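All chains should be built: construct the whole structure from the sequences, respecting the hints.
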Amino acid sequence: MEAATIYIVLAALFGVFMAWGIGANDVANAMATSVGSKALTIKQAILVAAVFEFLGAVLAGGEVTSTIRKGIVDIELLAATPELLVYGMLAALLAAGTWLFIASHKGWPVSTTHSIVGAIVGFAAVGIGVDAVQWGKVGLIVMSWVVSPLTAGFIAYLIYQSVLKLILRRDDPLAHAKRYVPIYIFFAAFAITLVTILKGLKHVGFDISLRDSYLLATAIAVVIALIGAVAIQRIKSDPKAEKSQHFYTVERVFGVLMIVTACSMAFAHGSNDVANAIGPLAAVISVAQNGIVTAEAALPLWVLMLGGAGIVIGLATFGIRVISTVGKKITQLTPSRGFAAELAAATTIVIASGTGIPVSTTHTLVGAVLGVGLARGIEAIDLRVVARIFVSWVVTIPAGAFLAIVFFFIFKTILP
Amino acid sequence: MTNVLANIFGKSPVVPLEKHIEVAFRCAKKLRPFMTAAVKGDWDRAIAYRDQIEDLEHKADDLKKEIRLNLPKSLFMPVPRQDLLELLLVQDMIANRTKDVSGLVLGRRLRVPAAISKQFLQFVDRNIDAAKQARKSVRELDELFATGFRGAEVHLVEELIEELDRIETDTDGKQAELRAALFEIEDTLKPVDAVFMYKIIELTGEIADMAERVGRRLELLLSH
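So the protein sequences, as listed, match chains A and U. In this text, residue positions in the first sequence follow our numbering: the first is 379, and each later residue adds one. In this text, residue positions in the second sequence follow our numbering: the first is 141, and each later residue adds one.
Do not rely on the hints blindly, as some may be mistaken.
Claimed, not checked - For each label pair, taking beta carbons as the anchor points, the in silico distance ranges come out as:
id : chain 1 : residue 1 : chain 2 : residue 2 : range
1  : A       : 600       : U       : 222       : 44 to 54 Å
2  : A       : 706       : U       : 205       : 20 to 30 Å
3  : A       : 680       : U       : 225       : 55 to 65 Å
Hints are computed from structural coordinates only; laboratory data are not their basis. Nothing here was measured: the structure is a model prediction, and the numbers come from that model. Cβ coordinates follow ideal geometry from the N, Cα and C atoms, glycine included.
Right, dumping it as structure tokens:
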């Protein structure tokens with residue numbers, strides 16, 4: 379068999395393995411919030427995830443994919459030895475996939491993004507040379523891993539404070555919920571639609587002016603908010619399940635909002651994390667097909683489809699179990715709190731996607747949940763987890779790097 | 141398998157605390173049929189009720205231990221952990237006092253003198269009312285957490301606590317009257333019985349005192 383075919387087949391296999399791992403863990407985390415608060419059933423969550431992961435990956439995933447593909451390694455240096463990039467990207471995929479597999483078995487809170495970035499930096503620095511790493515860009519990415527949970531936490535804090543002031547602390551929370559929730563739906567829909575139009579449609583071939591982009595995003599968001607408002611008006615309070623303040627029904631009103639933010643979350647995840655699997659794959663394919671290292675190669679659609687499919691399979695096989703275990707444990711995240719966390723995380727992630735920065739969905743979501751907690755929204759937060767997340771950073775990056783180095787030298791020896 | 145997102149959440153103490161006051165109240169409520177039987181000298185029935193009181197007191201104790209175990213120091217909560225633990229402690233005292241007083245009556249087979257028995261049972265009822273009002277107030281905890289301890293819900297709870305205070309003041313008045321009535325007839329009783337009768341009135345009155353302290357603890361939570 380021709381060397382190029384072997385490369386592509388291997389890369390596709392490893393890429394699907396990685397995507398499967400993302401689907402089994404990361405996506406499950408992103409969707410568990412909505413399932414835990416009973417805004418969606420597990421089946422609905424999988425449907426939402428499948429559709430919006432795809433949309434996110436296709437419409438807004440291009441920037442992060444390109445960062446993973448050519449932003450971390452200085453591919454100019456590899457013009458003479460393109461096969462090194464192939465070995466390296468194969469090694470990075472296999473290393474990150476393996477590490478995720480081990481870690482999720484042990485229950486460590488590792489991030490897909492951290493694994494793949496650590497792996498790519500590892501093979502580049504050791505296998506090629508310290509100069510082959512674009513340290514400036516890597517520094518930016520690492521900084522974003524601190525900044526993104528903080529940003530999401532801050533946004534979530536503000537959103538939840540507004541929910542408390544506008545709705546929950548009022549005399550008739552139900553009436554206020556029915557009035558204000560459509561407005562939150564508008565903002566959720568607007569944020570995601572706008573980023574999609576600004577960042578995504580260009581890749582698909584549309585070119586819309588800035589003013590028209592805002593108008594279009596507003597129009598779409600208004601339509602979604604109106605649909606939400608109709609659904610909310612149909613919610614009647616159930617006197618048996620209530621005390622005087624109608625919080626039970628208030629949460630059902632927020633449940634409608636949470637369906638929208640669940641879609642945003644899946645979209646945001648797709649726009650950022652699918653790249654972890656298909657970025658290296660895309661790099662291998664462009665080298666294998668052209669025989670040279672090129673920064674301009676377009677991303678073939680089947681690669682995106684492969685990434686999306688791997689994620690959905692991961693979700694459908696292992697993810698379901700993760701969703702139901704996590705969902706059961708996060709019952710404190712009622713729709714009014716869960717939506718604030720999801721909206722904050724989704725917005726942060728989508729902005730990162732737009733600027734091409736790979737962030738960790740799970741850690742961003744954790745930051746958002748802590749933000750709701752700081753606004754006195756959550757009964758009990760266990761701070762030990764925050765410490766464990768820091769430990770996982772310190773361990774994951776060297777572990778990903780080490781495995782990638784080992785695989786790199788193996789591939790260099792055995793592959794043609 | 142553990143999961144970061146799942147593990148950020150500690151076990152919420154809110155529903156367990158509401159469950160605990162429910163059990164403590166149900167325990168206190170049994171004091172009325174127990175005393176009715178004891179006043180009549182129907183000791184078989186009194187023993188049966190005493191067993192129920194003990195069971196409920198144990199159940200409250202188990203719940204208390206479970207809540208404490210699930211409140212490690214690493215928890216970050218909207219209100220201080222210590223305040224919740226102290227609320228739990230006074231809730232538990234309602235059940236404890238019920239057990240103490242029923243144990244004392246049964247142990248001495250103490251007959252409440254017929255002259256004050258009606259007044260005594262009314263006093264018991266009023267103490268149970270206080271426990272009931274304490275339960276009603278604690279049941280608002282989930283709503284208080286939902287609103288971050290501010291706004292309309294706080295006023296609602298403040299009113300519940302005011303009513304609790306009124307009931308407790310009422311039991312104090314009844315207790316004084318009861319003691320005065322007992323003083324009138326104490327010469328007709330065996331001296332040791334008279335001493336213990338005073339003791340039983342005092343212990344029963346502590347049920348309302350503990351209920352009132354539940355209100356004080358709740359108020360402390362509101363002030364954060």
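Do the hints match the structure? See the list:
no. : hint                      : verdict
1   : A/600 / U/222: 44 to 54 Å : holds, 49 Å
2   : A/706 / U/205: 20 to 30 Å : holds, 23 Å
3   : A/680 / U/225: 55 to 65 Å : holds, 59 Å
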